[in-house]
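The lines below spell out each chain.
2 protein chains.
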Amino acid sequence: MDAKVKLKKVNIKTDLELLMAWRSNPLIYKYFHLQNSPLNWSEHYKYWKSQKNTIHWIILYFQNNTWRKIGSIYISNLSSQKPEIGLFIGEVTLQGKGIGTESLKKAVDWLRTKGHKKVLARVHKKNIASRNLMEKNLFVNKGIVKRTDFMLFERELNFEHI
Amino acid sequence: MDAKVKLKKVNIKTDLELLMAWRSNPLIYKYFHLQNSPLNWSEHYKYWKSQKNTIHWIILYFQNNTWRKIGSIYISNLSSQKPEIGLFIGEVTLQGKGIGTESLKKAVDWLRTKGHKKVLARVHKKNIASRNLMEKNLFVNKGIVKRTDFMLFERELNFEHI
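Protein chains in written order, with the numbering used here: chain A, 71 to 232; chain B, 71 to 232.
Simulated from the structure, these hints should not be mistaken for lab results.
One or more of the hints may lead you astray.
No copy labels: a pair is met if it fits in one copy or bridges any two.
The list that follows gives simulated cross-link-like pairs (lysine-lysine, BS3-like), each with its CA atoms no further than 25 Å apart [unchecked claim]:
no. : residue 1 : residue 2
1   : K188      : K176
2   : K167      : K116
3   : K188      : K122
4   : K184      : K152
5   : K175      : K79
6   : K74       : K116
7   : K119      : K74
8   : K122      : K187
9   : K184      : K100
10  : K122      : K176
11  : K188      : K175
12  : K74       : K195
13  : K152      : K206
14  : K196      : K74
15  : K176      : K78
16  : K176      : K116
17  : K195      : K116
18  : K212      : K175
19  : K176      : K76
20  : K116      : K83
21  : K74       : K152
22  : K195      : K184
Please read these numbers as outputs of a predicted model, since none were measured by experiment.
The task is simple: from the sequences and hints, build the whole structure.
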């Protein structure tokens, strides 16, 4: 499985339409923080232009002798002690095939090489697939964030990802 | 408005992920013929490889000094007397802004230059926006296609698009 997934930094010249299309799909944004309708371009573009202390990758998947773009993973708050990771599989029918785990592993490995000791993730309490993904990948459930529908997960980075 | 829309032929090396993302959005595919769930890649790829007598364009839209990809329009059955046209605005929040009309005008103009005299379109009976789009653009409603939820529209091409 591992060799079938790789991460490539988002190119804001060529990837924004695809990210917009994925993020405007209710099957995907239903679990997002602060979003309950399709995006409009100005908001989307402003968001990308304003990103600081954050790295965004496109998840590439290998099938039929070719790599294609199937989702996205990011880490924000990179200048803090506790950066936060998030991801989605944009190609909806590929969800549940282990690609999230492989992507998370690569992003966490990258974070470790940067000297970080911990990483957080927030997951909608009804997003069972993501909750399972986090727990499978050694993130500890810290409970609901007050006054939100999101659960906080935390992972220590001072040991290798299994 | 006219100068803000142009059509570019689909490039199956670079456009398929975006087309897949749009076509996997329930806000878009709810009115498609023969589709009621997100696509999987094999079906999608097979569809693109099997296209014959059909031209597919990406609709480009100009805003903030740049062209971006916002939807798709196609004409099938090009070798017949009655080719069929279809389109969707993939960037959901741009629907209802006249881009469908501009795209349809350009595609119909192209078809006329090829010597065609008529063009058909099938529209889901509940897709009021598309029905209005067709009628606004001189397509005549021929009624429901038997045993389907689709209405057939027909347009004569022997006069200029207004």
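Are the CA atoms of K116 and K83 at most 25 Å apart within a copy, between copies, both, or neither?
-> within (14 Å within a copy, 28 Å between copies)
Taking 25 Å as the upper bound on the Cα-Cα distance, should K188 and K175 be classified as within, between, both, or neither?
-> within (14 Å within a copy, 56 Å between copies)
Are the CA atoms of K175 and K79 at most 25 Å apart within a copy, between copies, both, or neither?
-> Answer is within; shortest intra-copy Cα gap is 16 Å, inter-copy 38 Å.
Pop the pair K74 and K116 into one bin, within, between, both or neither, using alpha-carbon distances up to 25 Å.
-> between (32 Å within a copy, 21 Å between copies)
With identical chains treated as interchangeable, where does the CA-CA distance between K176 and K78 reach 25 Å or less: within a copy, between copies, both, or neither?
-> within (11 Å within a copy, 36 Å between copies)
When no copy is specified for K74 and K152, does a C-alpha distance of 25 Å or less occur within a copy, between copies, both, or neither?
-> The answer is neither: 29 Å in one copy and 44 Å across copies each exceed 25 Å.
How do K184 and K100 come out at 25 Å by Cα distance, when the copy is not named: within, between, both, or neither?
-> neither (32 Å within a copy, 45 Å between copies)
Are the CA atoms of K212 and K175 at most 25 Å apart within a copy, between copies, both, or neither?
-> For K212 and K175, the Cα distance is within 25 Å only inside one copy (20 Å; across copies 56 Å).
Quick one: K188 to K176, C-alpha cut-off 25 Å, is that within a copy, between copies, both, or neither?
-> within (15 Å within a copy, 54 Å between copies)
Alpha-carbon proximity between K167 and K116, which holds within one copy, between copies, both or neither at 25 Å | between (33 Å within a copy, 21 Å between copies)
Give the relationship of K176 and K76 under a CA distance limit of 25 Å: within one copy only, between copies only, both, or neither.
-> within (8 Å within a copy, 40 Å between copies)
State whether the alpha carbon distance between K196 and K74 is at most 25 Å within one copy, between copies, both, or neither.
-> Neither, since 29 Å and 41 Å both go past 25 Å.
The structure is inconsistent with the numbered hints 9, 12, 14, 16, 17, 21 and 22, although it conforms to all the rest.
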